[in-house]
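S.K.: Sequence:
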Amino acid sequence: MEKMNAEDYKLDRLNYGDAWNAGYSFGENLEDSFSFDSLFSDASAGKDFAEGLTDYDISPFDESMLGSTDKNTKATADNTEKISDSMSASEEDLKYLRDIAERETVNRFTTARLDLNFQTENHINSDLDLDGVCDYMVDRTYQSMLAMAEGVH
0 MEKMNAEDYK
10 LDRLNYGDAW
20 NAGYSFGENL
30 EDSFSFDSLF
40 SDASAGKDFA
50 EGLTDYDISP
60 FDESMLGSTD
70 KNTKATADNT
80 EKISDSMSAS
90 EEDLKYLRDI
100 AERETVNRFT
110 TARLDLNFQT
120 ENHINSDLDL
130 DGVCDYMVDR
140 TYQSMLAMAE
150 GVH
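Numbering (numbering that gives the first Met the number 0), first residue to last: 0 to 152.
It is worth saying that the hints were derived from the structure and are not from the lab. Built from N, CA and C at the ideal position, the CB exists for glycine as well.
Have a look at the derived ranges for each label pair, beta carbon to beta carbon: (1) Asn-14 to Ser-83: 57 to 67 Å; (2) Asp-36 to Leu-10: 47 to 57 Å; (3) Arg-139 to Lys-94: 37 to 47 Å; (4) Ala-148 to Lys-94: 20 to 30 Å; (5) Glu-90 to Glu-27: 54 to 64 Å; (6) Ile-123 to Lys-94: 57 to 67 Å; (7) Asp-98 to Tyr-135: 41 to 51 Å; (8) Gly-22 to Ser-83: 48 to 58 Å; (9) Met-147 to Gln-118: 17 to 27 Å; (10) Asn-106 to Asp-77: 39 to 49 Å; (11) Glu-101 to Asn-78: 32 to 42 Å; (12) Leu-13 to Ser-67: 52 to 62 Å.
When you get a sec, could you build the whole thing from the sequences and use the hints?
M.R.: Structural data, given as structure tokens:
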């Protein structure tokens, strides 16, 4: 098998640095080769640029073609006014929906129910044991109320 030459499969890529330099060299002195001062020199000499425009036929644009423009413009303005009115109604609807959502959120926290359900079998032998049970119930009840206030229920 003969050895392959990788250069045969190499892509000839564009050298962007050379392209940049060529473009810069081309445009380097281009600014000095023309002037905008003479661009409108005919206008300053009083030349009439509208000369010869009367040769064109403008009869297709007579009143019969443009006659309904005012009616169409009025219809567009009326439709725009209707859209504006419907948008103000939408803003009222959004305010109403926001109030309902706020009320439901407040109700969720003010009407939270705390159910205490104790099912224990305790062997209490002294007052010290009873104090520990009561402290534990108070602590757990307090923790449950805090969890409900944070919405973790």
